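Chemist: These protein sequence lines are chains A and B, in that order.
Read in our numbering, the first sequence has 1012 at position 382, and its numbers run on one by one without any break.
Read in our numbering, the second sequence has 753 at position 123, and its numbers run on one by one without any break.
These aren't lab readings, by the way, just hints derived from the structure by calculation.
None of the values given here were measured: they were computed from a predicted structure.
Careful: at least some of the hints might be erroneous.
Identical chains share a label here; the pair holds if one copy fits it or two copies do between them.
Stated by the list, open to error - Listed below are the simulated SDA-like cross-link pairs for lysine to any residue, each with C-alpha atoms no more than 25 Å apart in a straight line:
| hint | residue 1 | residue 2 |
| --- | --- | --- |
| 1 | Lys721 | Val770 |
| 2 | Lys801 | Ala856 |
| 3 | Lys872 | Thr950 |
| 4 | Lys730 | Glu993 |
| 5 | Lys688 | Lys721 |
| 6 | Lys811 | Glu800 |
| 7 | Lys657 | Val782 |
| 8 | Lys826 | Arg746 |
| 9 | Lys755 | Gly875 |
| 10 | Lys758 | Ala748 |
| 11 | Lys730 | Ser822 |
| 12 | Lys632 | Ser821 |
Residues per chain, in single letters:
There are 2 protein chains.
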Amino acid sequence: MKAEIITIGTELLLGQIVDTNSQWIAKELARYGINLYYKATIGDNKERMIETLSNGLKRSDLIITTGGLGPTQDDITREVVAEVLDLELVKSQEALAQVKSYFKQADRPMSDNNLRQAYLPQGAKIIKNNQGTAPGILVVQDNKVIVSLPGVPLEMKAMMKESILPYLKEKFLDDERIYSKVIKTCGIGESSLETKIADILREQENPTIAPLASQGEVKLRLTAKANTKQAAKELIRHEEQKLQGRIGEYIYGYDDDTLEKVVADLLWDKDLTVAVAESCTGGLVGHRLTNVPGSSAYFERGVVSYSNQAKQELLNVKKTTLQEVGAVSQKVAQEMALGVKNLAKTDIGLATTGIAGPSGGTEEKPVGLVYMALAINDDVKSYQFKFNGGRYRVKYLTAQTILNLLRLELLN
Amino acid sequence: MKAEIITIGTELLLGQIVDTNSQWIAKELARYGINLYYKATIGDNKERMIETLSNGLKRSDLIITTGGLGPTQDDITREVVAEVLDLELVKSQEALAQVKSYFKQADRPMSDNNLRQAYLPQGAKIIKNNQGTAPGILVVQDNKVIVSLPGVPLEMKAMMKESILPYLKEKFLDDERIYSKVIKTCGIGESSLETKIADILREQENPTIAPLASQGEVKLRLTAKANTKQAAKELIRHEEQKLQGRIGEYIYGYDDDTLEKVVADLLWDKDLTVAVAESCTGGLVGHRLTNVPGSSAYFERGVVSYSNQAKQELLNVKKTTLQEVGAVSQKVAQEMALGVKNLAKTDIGLATTGIAGPSGGTEEKPVGLVYMALAINDDVKSYQFKFNGGRYRVKYLTAQTILNLLRLELLN
Chain A
631 MKAEIITIGT ELLLGQIVDT NSQWIAKELA RYGINLYYKA TIGDNKERMI
681 ETLSNGLKRS DLIITTGGLG PTQDDITREV VAEVLDLELV KSQEALAQVK
731 SYFKQADRPM SDNNLRQAYL PQGAKIIKNN QGTAPGILVV QDNKVIVSLP
781 GVPLEMKAMM KESILPYLKE KFLDDERIYS KVIKTCGIGE SSLETKIADI
831 LREQENPTIA PLASQGEVKL RLTAKANTKQ AAKELIRHEE QKLQGRIGEY
881 IYGYDDDTLE KVVADLLWDK DLTVAVAESC TGGLVGHRLT NVPGSSAYFE
931 RGVVSYSNQA KQELLNVKKT TLQEVGAVSQ KVAQEMALGV KNLAKTDIGL
981 ATTGIAGPSG GTEEKPVGLV YMALAINDDV KSYQFKFNGG RYRVKYLTAQ
1031 TILNLLRLEL LN
Chain B
631 MKAEIITIGT ELLLGQIVDT NSQWIAKELA RYGINLYYKA TIGDNKERMI
681 ETLSNGLKRS DLIITTGGLG PTQDDITREV VAEVLDLELV KSQEALAQVK
731 SYFKQADRPM SDNNLRQAYL PQGAKIIKNN QGTAPGILVV QDNKVIVSLP
781 GVPLEMKAMM KESILPYLKE KFLDDERIYS KVIKTCGIGE SSLETKIADI
831 LREQENPTIA PLASQGEVKL RLTAKANTKQ AAKELIRHEE QKLQGRIGEY
881 IYGYDDDTLE KVVADLLWDK DLTVAVAESC TGGLVGHRLT NVPGSSAYFE
931 RGVVSYSNQA KQELLNVKKT TLQEVGAVSQ KVAQEMALGV KNLAKTDIGL
981 ATTGIAGPSG GTEEKPVGLV YMALAINDDV KSYQFKFNGG RYRVKYLTAQ
1031 TILNLLRLEL LN
């Protein structure tokens, strides 16, 4: 069964709103194991709506449209569906009753143009809308299903859940189930990761494995098909074990996990506290650690020591060190991490110092050069990195890297 | 000129990510007066990619694709573009040099599979990617333009701004000029703002005025059409003057201005320095102030005093104050702002303390209650706010508000 989503509305083509409807529907269809092969967006234009819907009918078995069911003149989805399917547009007493009842319940007067919403393609099933005025439409023709829902997310979602998804489940679903899991990695680039698992990627079949890079991390999406959800999960579990063996150290989490949440859970489990001394990241490490609810349990303080004065006063960095090797150096990173740990009396101290750019770089210390340090117990480890990109990217990658270094340390 | 966007990636069809790329591109095209008639989304599937791109070429003059340019086996946009346009896929020394130089700058080893990214359709113009490994492609055939960009939003946006939009402007835009300007406001909600300018909104014609609310700010997009850019600009200038008279105090900037950049410019102009004491914002105020290049000229230090201990040690907040009124209080905010200003010896001290939630609220001090203070010269001003929403939103609105309070103070 092939599905297609068509979202309708000129505001989508002007970029005035983000189309979150199609993402939501896509997720629901995936949960039900319905293959979505196409998404299309068009404006409130009759000709292009007809073209796109006709095209969809040639290649897909299920078409879900959103938008264009309102009472105004540019809401023409009803007309277009009728025309493409060669059906009459007729007044439906049932739809009229629903529109009227909505206004009565809302205690609002109904305008004449709401009457348009009671005209539907002949033989269409009416999809009740409990949240708004526009009834939805469901038509079956030549074994293909065309569903039209309003564009208001709240209304669309309720109608999908209450009517459309149960209908599709009843009518179409065979025993095949799709189950998907995202593995999140950090500390390795997309191509190096792919090289490490090249044979696994080459032999992939079921589950499929798709790498996906975003800022500071690479995800692997595993998707399995089987007759039961349990069997699909088992396929994923087996593949995941193989991947764990190869790239386990880079895997920080799954699905909706964030790196800061994973680090927070580790700190919580081990009952450890942390303090942060930031220079080039300017507060971003503290910001991310405190995005996790309950962070006051493990986050004691952060110091954004942008000036040398602040490094000396708040972190006990030695004046002589600053003079001898400069603020952007391994030694200063170490002194910052130790300093914040000792002053805050925490178990762990983190530090970042670097040149975020775009200016301030030299041949010896170029833009993107960053030193980090991690002080834990009586030990202090330090690291040198060279990141590429603009100021924000250097800050982000530095924060991502130090959080990942902390994660690895906590796992040992 | 008819444009079409094709976003590529199975993750989009599984609903795992929201397609924000196409909205961003749509907005930019609208700004340039380029008509976008279709958007399509397909997975990493050769057959359907060929079908969709071929279809697009029949009806549109400009096609922009995103995604599928990475180094891995399922990244096949290069192959598909070559096949649809009937071009050879050839190795480009220029593209190879760019990929290599990216890895060199990042001081990372390049894997063999990155070589795939150097193969481009014969005659394609290479679009430089300064943020990642995947070069973009621009091909002109039969007066139609096909642009392929990576799916990573940061990379795609930079390449659009640096290369594609200037190219389109140069090549295609005719005499009717659309000129658009965004007015950015802060410190007032969307409906209050609309009420203040209700008559102006009602009478809008050319330029049109579109309000657009986003987190912590409301924008007004003014769009004028005229025969020359100069005339369009003049129409905007006239309308802007009217708006300035009504809502001037809320306007913090225009177009790509950020609140932190505007504040940075004011600090720079007045030769003033600032230090920040953060509790509930966890480092976000420091992070934002240091996102501006050159921020070390005015940002001396930040202190994220999450614990009471840190508030006393690093900011000289009195133990008795903490005991009497609690950490989330007007008095503590004042002492934090004064403390950080005095210790850092800066002209200005900022402070935030509040309950970001989701837990930790009481009847007397609910989640979302935030106190802020601003110490300047011998004066300290404090403010109480109650924000709605989740943890991240409370943090963001607090940072936005204190930056805006600083902006207003600097203007006086």
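Chemist: Work down the list of hints and note, for each, if the structure agrees.
Modeler: How the hints compare with the structure:
1. Lys721 - Val770: For Lys721 and Val770, only the intra-copy Cα distance (19 Å) is at most 25 Å; the inter-copy one is 50 Å.
2. Lys801 - Ala856: within (19 Å within a copy, 52 Å between copies)
3. Lys872 - Thr950: Cα proximity of Lys872 and Thr950: none, with 51 Å in one copy and 58 Å across.
4. Lys730 - Glu993: Result: close only across copies, 20 Å inter versus 60 Å intra.
5. Lys688 - Lys721: Intra 28 Å, inter 38 Å, cutoff 25 Å: neither.
6. Lys811 - Glu800: Within one copy, since 20 Å is at most 25 Å while 45 Å is not.
7. Lys657 - Val782: both (17 Å within a copy, 21 Å between copies)
8. Lys826 - Arg746: Only across copies: Lys826 and Arg746 sit 17 Å apart there, 57 Å inside one copy, limit 25 Å.
9. Lys755 - Gly875: Cα proximity of Lys755 and Gly875: none, with 48 Å in one copy and 42 Å across.
10. Lys758 - Ala748: within (12 Å within a copy, 54 Å between copies)
11. Lys730 - Ser822: between (53 Å within a copy, 14 Å between copies)
12. Lys632 - Ser821: Neither. Shortest intra-copy (32 Å) and inter-copy (36 Å) distances fail the 25 Å Cα cut-off.
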